[in-house]
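*Asks:* If you read the sequence shown in the numbering used here, its first letter stands for residue 1, the second for the next number, and so on.
Among the hints, a few may not be true.
Simulated crosslink set (DSS-like; lysine-lysine; CA at most 27 Å straight-line) [what the hints assert, rightly or not]: (1) Lys139 / Lys224; (2) Lys492 / Lys379; (3) Lys224 / Lys188.
Between beta-carbon pairs, the in silico distance windows are [unchecked claim]: (4) Asn570 / Ser288: 21 to 31 Å; (5) Lys485 / Ala567: 51 to 61 Å; (6) Glu579 / Ser352: 41 to 51 Å; (7) Pro229 / Gly548: 45 to 55 Å; (8) Ile43 / Gly382: 39 to 49 Å; (9) Leu391 / Ser111: 22 to 32 Å.
Bear in mind the hints are in silico, worked out from the structure with no lab data behind them.
The C-beta atom is built at its ideal place from N, Cα and C for all residues, glycine as well.
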Amino acid sequence: MKIKNKNILVPAVAMIFSASLTSCMADLDKGNINPKAESTPNIMGLYSKCYASFIMEGTDGSADFTIDDGGKSTLVRNVYNFNEVSTDEGICWWSDGGIAEEVSLNKVSPSNATLRFLYYRLACNIAFCNNFLQVAQDKTMLAEVRFIRAYNYFLELDFFGDPTFTTTISGETPMQAHAYHKDFDATKSYSRAELLKMGREYMFTWLLDELKAAEADMIEPKAKTDSDPDYGRADKAAAWQLLARLYLNAGTYLNGDGQNNPYWKEAKEYAEKVINSGYSLFTEDKMSADAKSRGYKPYDLLFMGDNGSSGASCEAVLPLKQDGLVTQGWGGSMFLIAALWDPTMTSVIGISPGTTANNWAGMRLRPAFIEKFVDDATKLEGKSAMEIRALGIDDRLLICGTPNADGDKRTASLKNNTSFIQGLPTVKWNNNYSNGGTPHDGYCVDTDYFLFRVAEAYLIAAEADMHINGEGSATAKDYLDKIRKRANAATKSSYTLDDVLDERARELYTEGHRRTDLIRFNQYGGNKATYSWEGKGGTMQNGEYAKGGRFEEFRNVYPLPSSEVQANRNLTQIDGYNETE
1 MKIKNKNILV PAVAMIFSAS LTSCMADLDK GNINPKAEST PNIMGLYSKC
51 YASFIMEGTD GSADFTIDDG GKSTLVRNVY NFNEVSTDEG ICWWSDGGIA
101 EEVSLNKVSP SNATLRFLYY RLACNIAFCN NFLQVAQDKT MLAEVRFIRA
151 YNYFLELDFF GDPTFTTTIS GETPMQAHAY HKDFDATKSY SRAELLKMGR
201 EYMFTWLLDE LKAAEADMIE PKAKTDSDPD YGRADKAAAW QLLARLYLNA
251 GTYLNGDGQN NPYWKEAKEY AEKVINSGYS LFTEDKMSAD AKSRGYKPYD
301 LLFMGDNGSS GASCEAVLPL KQDGLVTQGW GGSMFLIAAL WDPTMTSVIG
351 ISPGTTANNW AGMRLRPAFI EKFVDDATKL EGKSAMEIRA LGIDDRLLIC
401 GTPNADGDKR TASLKNNTSF IQGLPTVKWN NNYSNGGTPH DGYCVDTDYF
451 LFRVAEAYLI AAEADMHING EGSATAKDYL DKIRKRANAA TKSSYTLDDV
501 LDERARELYT EGHRRTDLIR FNQYGGNKAT YSWEGKGGTM QNGEYAKGGR
551 FEEFRNVYPL PSSEVQANRN LTQIDGYNET E
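Work out the full structure, taking the sequences as your base and the hints as a guide.
*Replies:* This is the structure in structure tokens:
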């Protein structure tokens, strides 16, 4: 990621990075992450670096750690790979770091290269935060960085269960979370399953305490546009939403069963704090007349190049800023446009994506996901996104089914996953301006990435309320109706928990939630899962990826990278995996 201007991501803070933080230690394999090298640290630079780590690969065009392609190091891209491509919401045909062969097919091994990139990115981000927290004094900035660190540790909990854990910069070899559990005794022997359980319990409790402590000193919640000096800063509502996510998944983290959750009440409480804050759903009455006249709907504007200024940011509890002139890189929204488009695709109003970076052509949707909208995904073959919108099914059905440049038919079937035309892609993400304006750059994008959206809070509250008051809950129905009405989708007389899972898929696809949601509903790995998608666990029939597959429950968490286990004797591989492969 190249930086051309100092005022990015957090406009109130000059984007000045210390030289010591342009590399998060090339030799991360040794666990010796120590970016603290300056005798007089640049506090504002360190603070900005913590925010930049959400979406940027580095500060000088290279990544924060040694890697063959800096774009592969970014957080948003890696969360997409491991939470979307591993589910019905995505598949990749690139033979690139084990994404097609392992991640797409739920067969990730400890030696997987892309897994290593995810692990190193999270380790780097936490190290940047630890460094700042040891040298800074401003209580609001400290609180925000504690939140950023907590978000990265939340991901480590969700992906790995029992990750390495440290809150300081030191030369000591890091230990896993289980070692800090109150019941852990280093003189005793434990099974890997016991260690995983202790690690999850410790991380869950630590995150609750850390987020509540940070929230007290964060700025008050307020909807902002990209002209607001605080746009892009985490406020109290961001902490509330992360707490709501944490409580929502407590059953998974504490009991290995997402439905056995003692914290539904708290999940609803914190989701409703977000709903009742200064943020709100972006609805048609908040759209400009210009955007309406061009044929756009509210959901479209959430993922467009001017989403920070079009009014859509009233829903953005935490936007990660992108600007084609001042940030140039290969992760973030740039990845979600470039990798999900090819040059023949057009948007919902029949135009290109607003960038010439529309030819990576990697990721598509699986038919099982598309059939959350229609009964048969093949009915969308041959249709443009504009034609599909005209069917009046659901504004969130942003699919392209037209042939490629060679006239080859684009199929709903994944076949054997050797081409971009096998599986239908989405045009959800693009760099166009809703008012017809010109993006800042012809290649790099302006589309901000809304890491937390109010719509998610509505869905959390609905799900939690059903567990508290039953599936016939009027409160849950009201929340779900609001989401569906915004999308011009028909409402129902009542909803079930299965409806909530499907609604989360329709509303949040490609945004990094799906794997976690399926695990919470016991529909990912293991024998309880009754839901299947094409290629789940690598299932094929007659040479094509098909439904019907299952995979082992231990794969609900990912392994630690082989390189880390080999280099750090304090680490025990995650239960179910070989130490190294």
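*Asks:* Check whether the Cα positions of Lys492 and Lys379 lie no farther apart than 27 Å.
*Replies:* Cα-Cα ~24 Å, so holds.
*Asks:* Range first: 21 to 31 Å. Now tell me if the beta carbons of Asn570 and Ser288 are that far apart.
*Replies:* Hint violated: Cβ distance 56 Å, outside 21 to 31 Å.
*Asks:* So the hint says 41 to 51 Å: do the beta-carbon atoms of Glu579 and Ser352 match that?
*Replies:* Since Glu579 and Ser352 have Cβ atoms about 48 Å apart, the given range 41 to 51 Å holds.
*Asks:* Taking the beta carbons of Ile43 and Gly382, is their distance inside 39 to 49 Å?
*Replies:* 57 Å, violated
*Asks:* Is 45 to 55 Å a correct range for the gap between the Cβ atoms of Pro229 and Gly548?
*Replies:* 54 Å, holds
*Asks:* Given the hinted pair Lys224 and Lys188, is their alpha-carbon gap at most 27 Å?
*Replies:* 53 Å, violated
*Asks:* I want to verify a distance hint. Is the separation of the beta carbons of Leu391 and Ser111 within 22 to 32 Å?
*Replies:* Roughly 45 Å apart at Cβ, these two residues miss the hinted range, so it is violated.
*Asks:* If you check the beta carbons of Lys485 and Ala567, does the distance land in 51 to 61 Å?
*Replies:* Once the Cβ atoms are compared, 53 Å apart, the range 51 to 61 Å for Ala567 and Lys485 holds.
*Asks:* Quickly compare the C-alpha distance for Lys139 and Lys224 to 27 Å and report which way the hint goes.
*Replies:* 22 Å, holds
Violated hints for the displayed structure, listed by number in ascending order: 3, 4, 8 and 9.
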